[in-house]
Amino acid sequence: MEHGSFSDNTKSTFSLADEDHTLANAIRFTLNQDPRVSFSGYSIPHPSENRVNIRVQTTGAPAGEVMKDACQDLMMMCQHVRSTFDKAVSDYKMRNPEDMNTNGTENV
Amino acid sequence: MAKRDERMSEEEEESEAESMSESESGGRGESQGGLDYIMSLPDVPMKLPPHVELQRTRVFCNADAPNHTDTIQYSGAFASVGIDNSFRLDHFRKDFRVEVIRCSDDDLEFDMIGIDPALANAFRRILIAEVPTMAIEKVLIANNTSVVQDEVLAHRLGLIPISVDPRLFEYAENNALNERNSIVFKLHVRCERGGPRLTVKANALTWLPNGSEFPLQSEDPNSNSTSKPKTYTSFSCSQDSLPEFSSNPIGFKGRLNDIIISKLAPGQEIELEAHAVKGIGKTHAKWSPVATAWYRMLPEVVLLEEIEDEVAENLKSKCPVGVFDIEDIGNGKKRLTVARPRACTLCRECIREGGEWEKRVSLRRVKDHFIFTIESTGALPPEVLFTEAVKILESKCERVISELS
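Residue numbers (the numbering used here), protein chains in the order written: chain C, -1 to 106; chain V, 356 to 760.
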């Protein structure tokens, strides 16, 4: 859910339900690396409520778009991590066949 | 302090000077004018000054406290020296590396290089708390005369890892259990009078592919005897007729069979039924698929000066994990080398006395090099757990994107 003003869409707070530091800190990281962002940070208003607020202020671009791009970046990074990891593991198994798993559940 | 920094950066400078001259000459050859030309001018910084670069990429573990522990995330952090710190996916793709160190059925160690702690930590947190597994959630106890109380017994059963792929199951909603979202186990053991004591292990739990055998209490066993009595689960078909389980019965594999549930004295008996459902570690630790998932940054031990003879022997004996080695350099002289920096636990014993020692050895950690270790409890192999964790982070991003648009 986005909380912002109608007249100025360059600053918004995004309230994500059922999320915690795991996602919020990762998004804050990608937001901070975006040159359009002048400020970003997150907070958990109450520890027993499963909710994080992510604040985004930009130098001109709509905050919603910047936020979306940050998520997109994070997703692309994850995909790259996954493909690199899978390749590294299969390479390792090629080199060390004696360590091979016997239950055959990998790469499903 | 300044003096030490200088010495530390010397070796880095050398390698940097090389790569700098390379890129400069390349830029000049390709184009005259334009951005490439400007970037190739000698007074335009291509890189951060070596001491800043060192502070950006390394944690310094000094005798008093660690220094430069933060990672610099802000895109404009180095704008004043004309260096762009913003995120570039192509750079990430170029620099990111994974190297598997050790991989077995339930244990995986790998190096993740070129990634920020924000992401490494997200993967770790998801592995512990958000990758689903199957675990026993409800235990129906018909008879328990053992010394282990009902509630303790139920808790022990819950903590036993089940060797089954949780991706084959759905989450059970409103406690309606069927063949798609639950596994039912039966345990009926009795220690005969006059015999020896009996140890009940996890392999005594038998899988019931047809679901619960206990009739619901509301059902009158005498009425409508033609239809099947209603039980605590409503399976529409037997699980062993499903293709994923027909050749691969659900149970406890390998060492998981040896987990002790209880011990029975002669005359004692346990009869129960255990219902396992899918869940995540956030709800209860019994659903956590990992025994541990943790990472540490790569230690870097740098000798700031040549260390020889007695000092070398002294320093070698100081290290409890054997990071240093001594090599002969002829003429009866000995020189200290850093043989196993990976073993360093940063106990800082080698620089504890401060002064002299801090000038000889510098302990650092590489901020973007993570030694990641995953120990699986047995449901899924650790490498599958990691890819599942990454997928979960991806789906979280996807959710946010779809909510915003």
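Note that these hints are calculated values from the structure, not bench results. Check the hints yourself; a few may be wrong.
[Claimed, not checked] Here chain C is said to cover these stretches of chain V; the calculated rule only asks that three of the stretch's residues, wherever they fall, bring their Cβ under 8 Å from a Cβ of chain C: (1) 437 to 450; (2) 674 to 688; (3) 744 to 750.
Every residue, glycine too, gets a C-beta built ideally from N, C-alpha and C.
Going through the hints against the structure:
1. 437 to 450: holds (count 7)
2. 674 to 688: As far as the segment 674 to 688 of chain V goes, the hint is violated, because 0 residues have Cβ atoms under 8 Å from chain C.
3. 744 to 750: holds (count 4)
Violated hint for the displayed structure: number 2, the only one.
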